[in-house]
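Chains as they are written, first to last, in the working numbering: chain G, 281 to 352; chain Z, 11 to 183.
Possibly wrong hints are sitting among the right ones.
Stated by the list, open to error - To give an idea of the chain Z side of the interface with chain G (calculated C-beta under 8 Å), a few residues:
| id | residue |
| --- | --- |
| 1 | 29 |
| 2 | 32 |
| 3 | 33 |
| 4 | 38 |
| 5 | 42 |
| 6 | 51 |
| 7 | 58 |
| 8 | 59 |
| 9 | 125 |
| 10 | 151 |
| 11 | 172 |
| 12 | 173 |
Note that these hints are calculated values from the structure, not bench results.
Glycine is no exception: its CB is placed at the ideal position from the N, C-alpha and C atoms.
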Amino acid sequence: MTEHDDRQIREALKQSFSQVNTELRRDLWPAVLRKFDARPARVPWYDWVLIGLSVSVFLFFPQLILVFAYHL
Amino acid sequence: MDLLRRFALGEIDAFETVVRQFQGDIYSWIVRIVRDPGIAEDLTVETLWRIYRARHSFRPDGNFAAWARRVATNLAIDHLRRKRPEQSLLSDPAGPPMPDQLVQRETREKIQQAFRGLPAKLQVAATLALVEERPYDEIADALGTSVGAVKLRVFRAVRILRKRLKQLGVSPE
Chain G
281 MTEHDDRQIR
291 EALKQSFSQV
301 NTELRRDLWP
311 AVLRKFDARP
321 ARVPWYDWVL
331 IGLSVSVFLF
341 FPQLILVFAY
351 HL
Chain Z
11 MDLLRRFALG
21 EIDAFETVVR
31 QFQGDIYSWI
41 VRIVRDPGIA
51 EDLTVETLWR
61 IYRARHSFRP
71 DGNFAAWARR
81 VATNLAIDHL
91 RRKRPEQSLL
101 SDPAGPPMPD
111 QLVQRETREK
121 IQQAFRGLPA
131 KLQVAATLAL
141 VEERPYDEIA
151 DALGTSVGAV
161 KLRVFRAVRI
171 LRKRLKQLGV
181 SPE
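Chain Z on its own, in the form it takes in the complex (with noise of 0.2 Å):
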């Protein structure tokens, strides 16, 4: 019997064995997500402690790597939702800054809070499509909808962010 019908069964010892084939394929597509090394790990085990529990509703002839991926996102999209604002997103240089990298940080900063501001579904869409420059149909995939939707919300996103930075008077350039 193969390895996801054995899964799908509930055999333990295949489940470990496909915790270790997945387990790397879900952690980077969480990490582009919440771009936090310790978060994407936590809710990487959230993904498979979760894949377990609904294993009876995969089908052993499907697309696990798919499965999981969505899975996955909705779960890095609930972490956006639950994020504190004030909670960074890049980790800062080392060293005192100079005056240029003040204001170079300064605008990051507030191209970050505009970006975190966005709808959890927009933010991921966007930092899919635009920061990591993921193939739509791969995203769509993961978000479970359509290209076309994807676009839509990458479009969205960007009139937002643009809206908003002109409100806190950055132009990206």
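Here chain G stands alone, though its shape is the one from the complex (with noise of 0.2 Å):
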């Protein structure tokens, strides 16, 4: 491929994109806090992992559910 064939593709390239205005036209600073609302806190794997084996531990010893509910 030539430095022609280059800049051919280059000049219809040019031709057929508009130009875009590339100002930002608003504050994106309220959008970006709404993003923050809208997505609720994920729960980390470890807590998962730890209420599984609080549940299981429940499961097999329910007696341990009357001394955890006294210590809280």
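Put the two chains together into one complex; each comes in its own frame, and the hints tell you how they fit.
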């Protein structure tokens, strides 16, 4: 491929794509804040493991529920 | 303590200042790639959100703008991969078209069609290098690759475009 070919493609592309305005029209901070509110905090995997372990322990040793409730 | 250090520690006030300082840069980079102001705004918000979530991995003595641009470029590439092929890349001129304009428009549409068919990474490299005429080192930095790799992507994009345009009966002049 020659430099001439490259230039032809470059010109064809520039004519086919309209110029875009690269200036930001508004402040995006409020939209970022909305994203914070929209996304609930995710429970990390180790919390799920702890919950699973606790449920298993209470299933196999139900008497521990009373001990646990006493210490709450 | 400086702004980026406070941002990395998760201070929301520092993040707000960072957003106000860098949102314009991030937006202008994304809009050059996706060429749609609305989509570029959405992707800028998503970029800022991801930057906040990844703040622990940012070294405060590092180059924040380059890091942000890399996150933005990856999101733009993901967007191009997902985008429906029939979506137009340019706004049509107002008013009924004249016969010459019709031919021109048809040619433009075929070029766009061929361009949209390129793999997203080649599309981004070609848009930034050939349409926006950004320096190769800047593109390489944003794509997280070498200048040589960018040149290769542009070369491959031009080769594929030339082939597809030939198939579509269009000769770029």
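Structure-based check of all given hints:
1. 29: It holds, given that the least Cβ distance between residue 29/Z and chain G is near 5 Å, below 8 Å.
2. 32: Interface hint status for residue 32/Z: violated (10 Å vs cutoff 8 Å).
3. 33: holds, 5 Å
4. 38: Holds, because the Cβ-Cβ distance from residue 38/Z to chain G comes to roughly 4 Å (cut-off 8 Å).
5. 42: holds, 6 Å
6. 51: holds, 6 Å
7. 58: With a minimum Cβ separation of about 5 Å from chain G (threshold 8 Å), the hint on residue 58/Z holds.
8. 59: holds, 5 Å
9. 125: holds, 7 Å
10. 151: violated, 18 Å
11. 172: holds, 6 Å
12. 173: violated, 11 Å
In this structure, the hints that do not hold are numbers 2, 10, 12, in rising order.
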